[in-house]
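Throw the hints in and build the complete structure from the sequences for me.
Residues 29 to 70 (our numbering) are what the sequence shown spells out, left to right.
A couple of the hints might just be wrong.
The following label-pair restraints were derived from C-beta to C-beta distances [unchecked claim]:
| # | residue 1 | residue 2 | range |
| --- | --- | --- | --- |
| 1 | F63 | R42 | 27 to 35 Å |
| 2 | C67 | V36 | 28 to 36 Å |
| 3 | Y68 | L38 | 32 to 40 Å |
| 4 | G45 | N69 | 31 to 39 Å |
| 5 | N35 | I55 | 26 to 34 Å |
| 6 | Y68 | V36 | 47 to 55 Å |
By construction, these hints were calculated from the structure, which means they are not laboratory data. Backbone N, C-alpha and C define an ideal beta-carbon position, used for all residues, glycine too.
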Amino acid sequence: MIEGNENVLLETVRKYGFSYYHVVKVISRIVHSIFMCFCYNI
29 MIEGNENVLL ETVRKYGFSY YHVVKVISRI VHSIFMCFCY NI
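Structure (structure tokens):
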């Protein structure tokens, strides 16, 4: 049971880690585009 719980925990961490990385990548892209628009407006 302990090994099964560790596998479930590992799978959950893997999913959330991937989604966290994806969210960070999207946010950084949005911030970069906003920053570029701001620079061009100046």
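Consistency of the hints with the structure:
Judged by the Cβ atoms, the range 27 to 35 Å given for F63 and R42 holds: they are separated by roughly 32 Å. Between C67 and V36 the C-beta distance comes to about 46 Å, which lies outside the given range of 28 to 36 Å. A C-beta distance of roughly 45 Å is found between Y68 and L38, which places it outside the suggested range of 32 to 40 Å. One distance hint, 31 to 39 Å for the beta-carbon pair G45 and N69, holds here, with the actual separation near 36 Å.
One distance hint, 26 to 34 Å for the beta-carbon pair N35 and I55, holds here, with the actual separation near 30 Å. For the hinted restraint 47 to 55 Å between Y68 and V36, the CB-CB distance of approximately 48 Å keeps it satisfied.
Hint violations for this structure: numbers 2, 3, all remaining hints satisfied.
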